[in-house]
Amino acid sequence: MRKQASNSFYAYLRRDLLLSYRRLGEAASPLIFFVMASTLVPLGMTPDLASLAKIAPGIIWVLALLATMLSVGGLFAGDYQDGSLEQLLISPQILVMPVLGKVTAHWLITGLPLTLVSPLLGLMLSMPEAGYLPMMASLALGTACLSLLGAVGAALTVSLHKGGMLLALIVMPLYMPVIIFGGATVQYGIDGLIWTAPLAILGAMLAAAIALCPLAIASVLRLTSIN
Amino acid sequence: MKVQFQTINQILDMGGHGFYVWSAVFVTLTVLIGLIVRPLLQHKTVLNQVSQDLAREKLRKKTAGEGN
Amino acid sequence: MNWVWFYRLGSPLWFYQTTTRWLPWLGLLAFILLTIGLVWGLGFAPQDAKQGNSFRIIYMHVPASFLALAGYFLMATAGAIGLIWKMKLSYMVMKAAAPIGAALTFLALFTGAVWGKPTWGSYWVWDARITSMLILLFLYFGVLALQYAFHNEEASNKASAILALIGTVNIPIIYKSVDWWYTLHQPSTIKLTSAPSMHPDMFQPLLVMILGFYCFYVVALCLFTRVEILRRERKTGWVGDLVGELNGSTEGKRQ
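Residue numbers (the working numbering), protein chains in the order written: chain A, 1 to 227; chain B, 1 to 68; chain C, 1 to 255.
Treat the hints with care, since some could be wrong.
On the chain A side, residues computed to face chain C include the following (Cβ under 8 angstroms) [what the hints assert, rightly or not]: (1) V152; (2) S159; (3) I170; (4) L174; (5) A184; (6) L215; (7) A216; (8) T224.
In case anyone wonders, no lab produced these hints; they're calculated from the structure. Where a beta carbon is used, it is the ideal one built from N, C-alpha and C, also for glycine.
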């Protein structure tokens, strides 16, 4: 039984990764959005490096949040349209594992690249050096949280054909604790404080989200997507 | 317990804070009244619709009866 | 155990008839309590030593904030009952609670803002409690938006019930995080006094206002729920009978 469950996890993880590999341009768009939107900040505010450095942690975190939110809407949309979601729902296996596999794939496609690219943004916004490691650590844990929470919203809106804006409305309040501790981790690092403390809370949130969100997603999909 | 204000002007002014206090009172009353009036109006609308539906139904049955 | 009352609760007809009998009295009670509380608070309660008369906004702000938060939990509870026992009435209550809660949250934010101006010199401060209130308003907006997005009644009910429950799990986390965030950035100039033990002369009218707001909330919730009941049961016989009765009585009056 357990083996079967972990098999379905890997099966869906591999399937989603493969699908996004075949449409690489689409998969890369959150990343491009992340970098592009960061250019707007100096253009809209000031090219002054000192003032950019001050707001860099917050800006990078906000942009990472938006990039994740924009991309998570499509998590179940494709499967819903081609009917494979229904297949999954009527199959006798535990729904939690495939769901977790899909969310993990989403994180590997968006969250992880965002984390890896973030030093570039830190460079462009002249973030102090001490912030880089905390930023990457907090983004790695935080974007995973965002993927999980966003997937709940994506599941709620999957049967509606105009999910985008609605998804943002639903999910954004849930994202707020994540951005508080994510931004604080970077700020702590820059200020020379013990940044592992807020990072630990972020980790606790991620642990709770891994335990609860797949259950929520599975029940949402079962209850609402079969009309 | 005693009255805090002697004249109308004192009540309106509230020691210089009149604008804040009275705008809070005004908005509070507006929201509270709105929360009562809106469902009452909707209630009426639904009942009217139902009564129209019933009347139409009656008429249809009647004309159908005459047709026979 | 006698569970008849519980099954009765599930009947929209029973709810409608009972509230028809009770609502006028409850409405009157709410009106009396709110009038007494407001006149007492605005005219008779003593001034605050530091804030002067602007503190009187507390008589609207605190009850509204109480019910804004309590309303969310009520909405989520109603949604949970609907999900577990498939009770139609429960979903209707959940649906009714959302706009009322959003309106009261807005009210709490507005009264907080006009209270903030004379007290801290600014309409808006990113204070922990105010920010949490704002997030609560967003949570209400999310539920409302989701409710209106579905065409399918059942899917709409279930989805918004789940979202309300998810929000309830998140509210303590959000409050704790915002609290922590605020202590992190707290500017030293703005210090919020966490209402120390209030003088009884000030506290008694507040108590009356809180009671009045609770009664008002029940009245508003029943009114919204009744509309929802009529809407969904419009095809059933009893609504037709009700309309017939009403038309009969108005015709009788005209004669």
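We went through each hint and held it up to the structure:
| no. | hint | result |
| --- | --- | --- |
| 1 | V152 | holds, 6 angstroms |
| 2 | S159 | holds, 7 angstroms |
| 3 | I170 | holds, 4 angstroms |
| 4 | L174 | holds, 5 angstroms |
| 5 | A184 | holds, 6 angstroms |
| 6 | L215 | violated, 11 angstroms |
| 7 | A216 | holds, 6 angstroms |
| 8 | T224 | holds, 5 angstroms |
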